[in-house]
Amino acid sequence: MRKTLKALSAMLGYPSPELQAATQEIRSALLAERALPAAAMEALDALLRRIGSADVMDIQAEYTSLFDNSRSLSLHLFEHVHGESRERGQALIDLANEYLQHGFAITSNELSDFLPLFLEFLSFVESAQAKEWLGRPAHVLAAMEERLRERGSLYAAVFRALLVLPDSKVDPEAVAELRQRMKAEEARSVDERWEDAAVTFSAPEPPSRPTGVAARIRAALRR
Numbered sequence: 001m002r003k004t005l006k007a008l009s010a011m012l013g014y015p016s017p018e019l020q021a022a023t024q025e026i027r028s029a030l031l032a033e034r035a036l037p038a039a040a041m042e043a044l045d046a047l048l049r050r051i052g053s054a055d056v057m058d059i060q061a062e063y064t065s066l067f068d069n070s071r072s073l074s075l076h077l078f079e080h081v082h083g084e085s086r087e088r089g090q091a092l093i094d095l096a097n098e099y100l101q102h103g104f105a106i107t108s109n110e111l112s113d114f115l116p117l118f119l120e121f122l123s124f125v126e127s128a129q130a131k132e133w134l135g136r137p138a139h140v141l142a143a144m145e146e147r148l149r150e151r152g153s154l155y156a157a158v159f160r161a162l163l164v165l166p167d168s169k170v171d172p173e174a175v176a177e178l179r180q181r182m183k184a185e186e187a188r189s190v191d192e193r194w195e196d197a198a199v200t201f202s203a204p205e206p207p208s209r210p211t212g213v214a215a216r217i218r219a220a221l222r223r
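According to the working numbering, the stretch in the sequence shown is residues 1 to 223, in order.
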């Protein structure tokens, strides 16, 4: 399972000539470990062929459009649960501390909830524990897989594999609520998403307790 997690982490990385050159190595690692069923492997192979054969600028533009310019498909897991609230900051700290407790130090500038980084971490722990951890954000992964399929993106294959690998049990209500959030986010214009909030001088409101999907996923990566 370790090689499979590292391979999936690499496939979610920003496309580069180095990644293109490594597609055969990634394919070989997935085939050697045989952790995924044939249907999942076939879908991943289609994405690997796309990454390996397309013009690098084209796949970079596709990647940026999906994961960088669309908050509904952000690869930062906690963004889908906490948004930009203060709770996300504490969740990021807690997850980073979990990494340290397992001897895994973050050496990049990425936040601890960045999915490729999370998968890299899981590749260093025992398989049973990795499956348990991977199953915790299953609702987020399922909602993202669905949105990517709707867009006709081959990247949906990675998220399908991440659900199949631990045989995740997904709460349909949680996925439905996340789906609605994602569609609402995509309906907003870029200007609305990045518009500065009005400055006020009222006393800050106390943080509210999470409800709905946040309540079900709050402990997703903190248990």
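Treat the hints with caution; some may be incorrect.
Only pairs whose alpha carbons sit at most 30 angstroms apart, straight line, appear in this in silico BS3-like list of lysine-lysine [said to hold, decoys possible]:
{"hint": "1", "residue 1": "169", "residue 2": "131"}
{"hint": "2", "residue 1": "3", "residue 2": "131"}
{"hint": "3", "residue 1": "3", "residue 2": "169"}
{"hint": "4", "residue 1": "131", "residue 2": "6"}
{"hint": "5", "residue 1": "6", "residue 2": "169"}
Just so you know, these hints were derived from the structure itself, not from any lab.
Okay, the hints, checked on the actual structure:
About 12 angstroms separates the Cα atoms of residue 169 and residue 131, which keeps this hinted pair within 30 angstroms; it holds. For the hint pairing residue 3 with residue 131, the CA-to-CA distance comes to about 14 angstroms; that is within 30 angstroms, so the pair holds. As the CA atoms of residue 3 and residue 169 are separated by approximately 23 angstroms, the hinted pair is consistent with the 30 angstroms bound. Of the supplied pair hints, the one linking residue 131 and residue 6 holds, its CA atoms being roughly 14 angstroms apart against a limit of 30 angstroms.
Between the alpha carbons of residue 6 and residue 169 the distance comes to roughly 23 angstroms, so the proposed pair stays at or under 30 angstroms and holds.
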